[in-house]
Amino acid sequence: MAGVDIDVKYVAHLARLALSPEEEQKIGAQLASVLEYIEKLKEVDVSGVEPTAHAFPLVNVTRPDEVRHGLTNEEALRNAPAQSNGLFLVPKIVE
Amino acid sequence: MRMLNRLTISELVTRLASREVSSRAATQACLDQIERLDGRLHAFISLDADHALAQADAADRALALGATHARQPLLGVPIGIKDVIAVKGQPLNCASKILGRYVSPYNATVINKLQAAGAVVFGRLNMDEFAMGSSTENSAFGVTRNPWDLSRIPGGSSGGSGAAVVADECIAALGSDTGGSIRQPAALCGCVGLKPSYGRVSRYGLVAYASSLDQIGCFSKDVRDAAILLEILSGVDPADSTSVPQPVPHYAASLTGDVKGLRLGLAKEYMVGGLDAEIKAAIDAAVAQFEKLGARVTEVSLPHTDYAIATYYIIATAEASANLARFDGIRYGLRVEGADPIELYSKTRGAGFGPEVKRRIILGTYVLSSGYYDAYYLRAQKVRTLIRRDFLKAFEQVDAILTPTTPTAAFKIGEKADDPLQMYLSDIFTISANLAGICGISVPCGFTREPKLPLGLQLLGKPFGEETILRLAHAYEQSTPWHKEKPPLAALAG
Numbered sequence: 001m002a003g004v005d006i007d008v009k010y011v012a013h014l015a016r017l018a019l020s021p022e023e024e025q026k027i028g029a030q031l032a033s034v035l036e037y038i039e040k041l042k043e044v045d046v047s048g049v050e051p052t053a054h055a056f057p058l059v060n061v062t063r064p065d066e067v068r069h070g071l072t073n074e075e076a077l078r079n080a081p082a083q084s085n086g087l088f089l090v091p092k093i094v095e
Numbered sequence: 001m002r003m004l005n006r007l008t009i010s011e012l013v014t015r016l017a018s019r020e021v022s023s024r025a026a027t028q029a030c031l032d033q034i035e036r037l038d039g040r041l042h043a044f045i046s047l048d049a050d051h052a053l054a055q056a057d058a059a060d061r062a063l064a065l066g067a068t069h070a071r072q073p074l075l076g077v078p079i080g081i082k083d084v085i086a087v088k089g090q091p092l093n094c095a096s097k098i099l100g101r102y103v104s105p106y107n108a109t110v111i112n113k114l115q116a117a118g119a120v121v122f123g124r125l126n127m128d129e130f131a132m133g134s135s136t137e138n139s140a141f142g143v144t145r146n147p148w149d150l151s152r153i154p155g156g157s158s159g160g161s162g163a164a165v166v167a168d169e170c171i172a173a174l175g176s177d178t179g180g181s182i183r184q185p186a187a188l189c190g191c192v193g194l195k196p197s198y199g200r201v202s203r204y205g206l207v208a209y210a211s212s213l214d215q216i217g218c219f220s221k222d223v224r225d226a227a228i229l230l231e232i233l234s235g236v237d238p239a240d241s242t243s244v245p246q247p248v249p250h251y252a253a254s255l256t257g258d259v260k261g262l263r264l265g266l267a268k269e270y271m272v273g274g275l276d277a278e279i280k281a282a283i284d285a286a287v288a289q290f291e292k293l294g295a296r297v298t299e300v301s302l303p304h305t306d307y308a309i310a311t312y313y314i315i316a317t318a319e320a321s322a323n324l325a326r327f328d329g330i331r332y333g334l335r336v337e338g339a340d341p342i343e344l345y346s347k348t349r350g351a352g353f354g355p356e357v358k359r360r361i362i363l364g365t366y367v368l369s370s371g372y373y374d375a376y377y378l379r380a381q382k383v384r385t386l387i388r389r390d391f392l393k394a395f396e397q398v399d400a401i402l403t404p405t406t407p408t409a410a411f412k413i414g415e416k417a418d419d420p421l422q423m424y425l426s427d428i429f430t431i432s433a434n435l436a437g438i439c440g441i442s443v444p445c446g447f448t449r450e451p452k453l454p455l456g457l458q459l460l461g462k463p464f465g466e467e468t469i470l471r472l473a474h475a476y477e478q479s480t481p482w483h484k485e486k487p488p489l490a491a492l493a494g
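Protein chains in written order, with our numbering: chain B, 1 to 95; chain H, 1 to 494.
Isolated chain B, as found in the complex (with noise of 0.2 Å):
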């Protein structure tokens, strides 16, 4: 695949992706032809180029500093896969 190779095992740890070692593999190889194909951005002349992060960039957007209703804690931890005594649970970080 010219030289276009990609560790998506490692990747995958990066992304914080379980995959099976059947996905891995087919990942690899569908990103591979990919990868090939993006390739062909290397021909283009970019030199002097700015990059475009946004086509209508625009600065400094604030607005009065002034308190705003948000969600409440019930309806903030109404989604939560689990909680306890009004806070997200999440499993022991620190030992």
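Simulated from the structure, these hints should not be mistaken for laboratory data. Certain hints may be false.
Stated by the list, open to error - Straight-line alpha carbon distances no greater than 25 Å define the calculated PhoX-like cross-link-like pairs of lysine-lysine that follow:
| no. | chain 1 | residue 1 | chain 2 | residue 2 |
| --- | --- | --- | --- | --- |
| 1 | H | Lys484 | H | Lys292 |
| 2 | H | Lys393 | B | Lys42 |
| 3 | B | Lys26 | H | Lys97 |
| 4 | H | Lys382 | B | Lys40 |
| 5 | B | Lys92 | H | Lys347 |
| 6 | H | Lys347 | B | Lys9 |
| 7 | H | Lys280 | H | Lys452 |
| 8 | H | Lys280 | H | Lys292 |
| 9 | H | Lys260 | H | Lys292 |
| 10 | B | Lys26 | H | Lys416 |
| 11 | B | Lys42 | H | Lys268 |
| 12 | B | Lys40 | B | Lys26 |
| 13 | B | Lys42 | H | Lys382 |
| 14 | H | Lys452 | H | Lys486 |
| 15 | B | Lys26 | H | Lys412 |
| 16 | B | Lys40 | H | Lys416 |
| 17 | H | Lys393 | B | Lys40 |
| 18 | H | Lys268 | B | Lys40 |
| 19 | H | Lys97 | B | Lys9 |
| 20 | H | Lys412 | H | Lys452 |
| 21 | B | Lys26 | H | Lys347 |
Claimed, not checked - Per the computed footprint, the stretches of chain H lying under chain B, defined by three or more beta-carbons under 8 Å from a beta-carbon of chain B, are:
| no. | stretch |
| --- | --- |
| 22 | 100–113 |
| 23 | 351–362 |
| 24 | 381–392 |
Using N, Cα and C, we set each Cβ at its ideal position, and we do this for glycine too.
Chain H: place on chain B using the hints.
Chain H in isolation, oriented as in the chain B frame:
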């Protein structure tokens, strides 16, 4: 009288205003059509009929008390919503398993606007998971079928929205468009699909896929309805700092029918090999029609067209990999337990995301990862600048650019499902508009002969040039028969 669910917004509003019909009757007609057809079409993931009818009754009460469509232009009109836009108290899944039994705690700004205008907001319309796809095959809730041929895809990612409007399951619908996800399904199903300019419509409450490309837009049965909806949806929103403080025109006023002297560009890079012969013929006929209407057609050049898809799939996946980091099993949605937090995140995401979302997260993470950022992401952003410049230069010579919306008519379910690159290449004509931030509309422009499948033409306009493309699209539509054709739905029922 035609069945109420078959009406356009403007037709229904006339009948509601004269009290000839009620919103309850119109809403019930949509629900009945869904009952008849959607078992086979599967445009809707879910539906809260009681919620819809309660809104309809409220609209009828308001009308009885003297409310007017002058003040609430959509009063009593049923509008379907893509499952990526938050409606308070309703499920939101993005056609993914990872959101579990999520219920939106707030309204998207566009929903507030529709409800303020009196609309009956209903349904969760099917889509490709997290709007990633071109066929609606990537939904965790099953594929939506094309109303013209059940063995074919409706397009995507907003395939449910396109199919529902064409099958008269709603009067109009909202969708989102990141690389063609409104215009492509509109073309393949045979209705009007409008992607506004970047910044025209607030995205607050739209689940983010690629934030520098996403826009909310609409599906409708004619161009007038698209103009009506756009006026309601548009405007700056303090809750979305990327919405642009541009005045909102009265878009329907631009539908004069007069396009004399307007300059229409044909991009020579778009009329290339690989374009289906029937689509080429339909576009040639449309060009002749525009000339007959008095538009001046000239050739323009968009020299970086060939690089648009590669640029898109770097930028969109990079942004997606960051945006979708929030689905980690902690605050909402699915959770798969693990020995430690990292394992919990990984297992939750591994179990909750479907194959295309996983592919795009991997690609996006890869192009942003150490050592590859400059080669892929930064380079793509620079090519994006060149693509945008191509359009701005072309728009110095013409008022709008005419292209096919898609290179082929609707393909078969399963035909491209295992070949992501082929699927990506089908977005060739729509993807550049998102990179450039310009507006675009797809309108029906004919049919293939055998089988009979709809075709769409696309008009691309300057940033915030929606009035011009709406005017052109409307004049074309009103001088051609295509938008009046309906799929053989009788064969679908039963």
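Here is how each hint holds up against the structure:
Taking the CA atoms of lysine 484(H) and lysine 292(H), the gap is about 21 Å. The hint holds against a cut of 25 Å. Of the pairs offered as hints, the one joining lysine 393(H) and lysine 42(B) holds, with about 23 Å between alpha carbons and a cut-off of 25 Å not exceeded. As the CA atoms of lysine 26(B) and lysine 97(H) are separated by approximately 21 Å, the hinted pair is consistent with the 25 Å bound. In summary, the hint linking lysine 382(H) to lysine 40(B) is supported, as the alpha carbons are separated by about 14 Å, within the 25 Å threshold.
Proximity of lysine 92(B) to lysine 347(H) is assessed by CA-CA distance (about 16 Å); at most 25 Å being required, the pair is judged to hold. At most 25 Å may separate the alpha-carbon atoms for a hinted pair to count; lysine 347(H) and lysine 9(B) meet this at roughly 14 Å. For the proposed pair lysine 280(H) and lysine 452(H), the alpha carbon gap of about 16 Å is at most 25 Å, so the pair holds. Our distance criterion of 25 Å between C-alpha atoms is met by lysine 280(H) and lysine 292(H), whose separation comes to about 18 Å.
Of the pairs offered as hints, the one joining lysine 260(H) and lysine 292(H) holds, with about 9 Å between alpha carbons and a cut-off of 25 Å not exceeded. At most 25 Å may separate the alpha-carbon atoms for a hinted pair to count; lysine 26(B) and lysine 416(H) meet this at roughly 15 Å. Under the criterion of a C-alpha separation no larger than 25 Å, the hint pairing lysine 42(B) with lysine 268(H) is consistent with the structure, at around 23 Å. Pair hint lysine 40(B) plus lysine 26(B) holds up; C-alpha atoms about 23 Å apart against a cutoff of 25 Å.
Distance restraint check for lysine 42(B) and lysine 382(H): the Cα-Cα separation of roughly 11 Å lies within the 25 Å cut-off, and the hinted pair is therefore satisfied. A threshold of 25 Å between alpha carbons decides the hint, and for lysine 452(H) with lysine 486(H) the separation of about 11 Å falls inside it, so the pair holds. Proposed proximity of lysine 26(B) and lysine 412(H) is supported: the alpha carbons are some 23 Å apart, at most 25 Å. About 22 Å separates the Cα atoms of lysine 40(B) and lysine 416(H), which keeps this hinted pair within 25 Å; it holds.
With a CA separation close to 23 Å, the supplied pair lysine 393(H) and lysine 40(B) stays within the 25 Å bound. This hinted pair checks out: lysine 268(H) and lysine 40(B) have alpha carbons roughly 20 Å apart, not beyond 25 Å. At most 25 Å may separate the alpha-carbon atoms for a hinted pair to count; lysine 97(H) and lysine 9(B) meet this at roughly 23 Å. Restraint check: the Cα-Cα separation between lysine 412(H) and lysine 452(H) comes to about 14 Å, which is no more than 25 Å; the hinted pair holds.
Taking the CA atoms of lysine 26(B) and lysine 347(H), the gap is near 19 Å; set against the 25 Å cutoff, the hint holds. A count of 6 residues in the stretch 100–113 of chain H with a Cβ less than 8 Å from any Cβ of chain B is obtained; the coverage claim is therefore met, three being the minimum. Residues of the stretch 351–362 of chain H lying with their CB closer than 8 Å to a CB of chain B number 7, which satisfies the three-residue condition for coverage. Coverage of the stretch 381–392 of chain H by chain B holds in this model, with 7 residues showing a Cβ closer than 8 Å to a Cβ of that chain against a need of three.
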